[in-house]
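**Student:** For reference, the chains in residue letters:
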Amino acid sequence: MTRARVSDRIAGYLLWVSAVAVTVVIAAILIFVGSEGLLTFLDVDPMAFFFNPVWDPPAGEYGALPFFIGSVAATLIALLTGAPLGLAGAIFMAKISPGWMRAVLRQASNLFVGIPSVVYGYIGLTILVPWVRETFGGQGYGVLVAGLILGIMILPTIMNTAEDAIRAVPDSLEEGSLGLGATRWQTIWNVVVPAAKPRILAGVILAFARAFGETTAVQMVIGNSPRVLESLTTGTATLTSQIIMEMGQTPPGSTWNRALFMMAFGLLLNSVLMILLVRWVSSRGVAR
Amino acid sequence: MISTRVKDRLATAVLWLSGLTILAILAAFLIRILGQGLPVLNWSFLTSKPRAMLPGGGIAPELFNTFYITGLSLLFSLPVGVGAGIYLAEYARPGRMTELLRLSVETLASVPSIVLGLFGMIIFVNRLGWGFTILGGALSLALLNLPVLVRVTEEAIRDVPQSYREGSLALGATRWQTIARTVLPTALPGILTGVSLVAGRAMGETAILIYTAGVTVSRHLPDFSLFAAGETLATRIWYVKSEGIVPDADAIASGSSALLVLVVLLFNLLLTVPLYVWQRNKGGGTH
Numbered sequence: 030m031t032r033a034r035v036s037d038r039i040a041g042y043l044l045w046v047s048a049v050a051v052t053v054v055i056a057a058i059l060i061f062v063g064s065e066g067l068l069t070f071l072d073v074d075p076m077a078f079f080f081n082p083v084w085d086p087p088a089g090e091y092g093a094l095p096f097f098i099g100s101v102a103a104t105l106i107a108l109l110t111g112a113p114l115g116l117a118g119a120i121f122m123a124k125i126s127p128g129w130m131r132a133v134l135r136q137a138s139n140l141f142v143g144i145p146s147v148v149y150g151y152i153g154l155t156i157l158v159p160w161v162r163e164t165f166g167g168q169g170y171g172v173l174v175a176g177l178i179l180g181i182m183i184l185p186t187i188m189n190t191a192e193d194a195i196r197a198v199p200d201s202l203e204e205g206s207l208g209l210g211a212t213r214w215q216t217i218w219n220v221v222v223p224a225a226k227p228r229i230l231a232g233v234i235l236a237f238a239r240a241f242g243e244t245t246a247v248q249m250v251i252g253n254s255p256r257v258l259e260s261l262t263t264g265t266a267t268l269t270s271q272i273i274m275e276m277g278q279t280p281p282g283s284t285w286n287r288a289l290f291m292m293a294f295g296l297l298l299n300s301v302l303m304i305l306l307v308r309w310v311s312s313r314g315v316a317r
Numbered sequence: 012m013i014s015t016r017v018k019d020r021l022a023t024a025v026l027w028l029s030g031l032t033i034l035a036i037l038a039a040f041l042i043r044i045l046g047q048g049l050p051v052l053n054w055s056f057l058t059s060k061p062r063a064m065l066p067g068g069g070i071a072p073e074l075f076n077t078f079y080i081t082g083l084s085l086l087f088s089l090p091v092g093v094g095a096g097i098y099l100a101e102y103a104r105p106g107r108m109t110e111l112l113r114l115s116v117e118t119l120a121s122v123p124s125i126v127l128g129l130f131g132m133i134i135f136v137n138r139l140g141w142g143f144t145i146l147g148g149a150l151s152l153a154l155l156n157l158p159v160l161v162r163v164t165e166e167a168i169r170d171v172p173q174s175y176r177e178g179s180l181a182l183g184a185t186r187w188q189t190i191a192r193t194v195l196p197t198a199l200p201g202i203l204t205g206v207s208l209v210a211g212r213a214m215g216e217t218a219i220l221i222y223t224a225g226v227t228v229s230r231h232l233p234d235f236s237l238f239a240a241g242e243t244l245a246t247r248i249w250y251v252k253s254e255g256i257v258p259d260a261d262a263i264a265s266g267s268s269a270l271l272v273l274v275v276l277l278f279n280l281l282l283t284v285p286l287y288v289w290q291r292n293k294g295g296g297t298h
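If you read the protein sequences in the order shown, they are chains B and W. In this note's numbering, each residue carries its 1-based index in the first sequence increased by 29. In this note's numbering, each residue carries its 1-based index in the second sequence increased by 11.
Wrong hints could be hidden among the right ones.
Each computed BS3-like pair below joins lysine-lysine, with the alpha-carbon atoms no more than 27 Å apart [unchecked claim]:
| hint | chain 1 | residue 1 | chain 2 | residue 2 |
| --- | --- | --- | --- | --- |
| 1 | W | LYS18 | B | LYS226 |
| 2 | W | LYS18 | B | LYS124 |
| 3 | B | LYS226 | B | LYS124 |
To be clear, the hints were calculated from the coordinates, so they are not data collected in a lab. Predicted model, so just to flag it, every value in this text is computed and none were measured.
I would like the entire structure built from these sequences, with the hints used as guidance.
**Tutor:** Printed below as a string of structure tokens:
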């Protein structure tokens with residue numbers, strides 16, 4: 030064999046190894062985090078872990094329910110605010126906006142991505158928390174501010190995926206609708222958006238996954254009190270915020286430490302589930 | 012009942028308003044970040060070491076660590092990420108194995124950064140017994156970069172016209188020669204754009220680093236030791252605002268936020284502007 034052929038073989042092999050490395054990494058994460066987390070159930074009843082509303086590890090209470098509720102509530106508020114605004118922004122960029130404005134919005138979307146999550150958290154802490162406290166009463170900390178911050182953080186995800194989805198709709202569909210005398214808005218709302226729906230939905234699911242797993246920004250504004258959600262503006266906690274708060278104070282191998290790992294494993298399973306859901310939604314879109 | 016024409020006008024207005032709202036939110040954020048932070052940025056803040064209890068500390072080691080850890084994480088993730096991207100674009104045949112590889116990349120991309128941090132903590136801090144180190148932080152951070160690098164590389168390579176490959180192969184080049192000399196150079200601008208994106212994200216990351224690189228810094232500056240603790244700008248902001256007791260926490264957080272945002276923006280500009288110019292000049296010219 031010539032030298033070129035040998036290096037061709039070696040290169041092909043190394044590239045394959047790199048690709049397999051990604052699979053090895055994700056498998057290792059599942060195994061290590063999962064095995065550490067599942068050990069929780071040596072000492073804690075699974076039913077109690079998922080449904081007990083009391084988290085008081087020193088007293089032997091390991092109910093993670095408040096954190097599941099907190100995470101879901103904050104993420105839902107994020108979707109309720111971020112998804113409509115992001116979708117409207119995407120429709121605007123794809124169908125209404127003049128070229129210069131589209132360029133500006135695209136840069137804006139990149140800038141939103143470029144702002145680190147800890148800076149989002151800091152702004153939430155210094156602007157939104159006092160504002161909510163004065164406007165709605167309560168402590169200001171809580172899922173409302175966390176949800177609003179997350180809603181802004183998922184804007185670029187929603188905008189980018191929805192704009193791509195809308196652009197991918199064949200022009201002929203649109204022309205057909207306009208040709209039948211529909212207005213631009215009727216065409217967008219009744220023809221373009223429905224045709225783009227599977228991919229828009231995939232973007233929303235990805236945004237959900239991102240918001241659900243966001244840590245520092247949420248931890249800074251949630252109030253960090255491990256109680257079941259009482260109102261949108263009283264302190265509570267999420268899975269991520271509780272992990273980051275308590276991981277440093279718990280010795281490895283303790284039930285407390287394992288319970289935190291079990292919460293991390295819950296986050297991990299959630300993201301696997303979301304990816305499978307995205308794939309399912311997208312494949313349905315192709316089939317139609 | 013509103014006529015369809017009025018509805019159309021109304022919808023157009025609402026969509027314009029949405030676009031403008033998004034811009035207004037961004038403007039408000041940037042004005043706040045820079046307005047509060049820029050006045051704090053002076054020479055002594057940038058060049059002195061942090062203080063735990065007294066006001067007036069700086070962020071010099073954190074600034075250094077931000078670049079150092081980000082650079083190391085790229086060093087670790089680039090070869091693997093680009094390699095996997097090339098494999099998926101050029102070699103992988105449809106089938107179960109490829110399907111599994113793709114699922115792995117997508118799943119890794121959606122793993123919350125706190126979970127990557129905990130994984131890094133189990134491996135590097137506890138099992139290997141390193142404690143909080145720059146190396147452990149950078150390796151954990153590499154896991155965050157990896158899936159993005161795979162994706163952008165694959166996309167950039169797929170965008171290279173098929174005729175380029177055919178030309179090279181017809182001249183007797185091997186597959187690898189074709190990829191290394193023809194496909195990769197053509198795909199480079201796309202890959203570099205991805206690298207700038209990844210670097211920006213890595214520089215601002217906190218959740219991965221808190222329990223792998225730690226929230227303290229070395230006594231030496233600059234300390235290139237891979238086994239020193241490595242607080243970064245981003246983790247510094249988090250630390251002073253959630254756990255620290257330093258009295259000028261707000262000044263430190265504002266200053267660091269502004270600095271961090273500026274660094275990320277500058278970094279993106281440094282990478283994208285030369286690329287833009289390069290692509291314009293290249294404009295179909297010969298190699």
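**Student:** It remains to establish, for every hint, whether it holds in the given structure.
**Tutor:** Evaluated hints:
A threshold of 27 Å between alpha carbons decides the hint, and for LYS18 (chain W) with LYS226 (chain B) the separation of about 22 Å falls inside it, so the pair holds. For the given pair, LYS18 (chain W) sits about 16 Å from LYS124 (chain B) by alpha-carbon distance, which is consistent with the 27 Å threshold. The straight-line distance between the Cα atoms of LYS226 (chain B) and LYS124 (chain B) is roughly 16 Å, inside the 27 Å bound, and the hint therefore holds.
Consistency note: the structure conflicts with none of the earlier hints.
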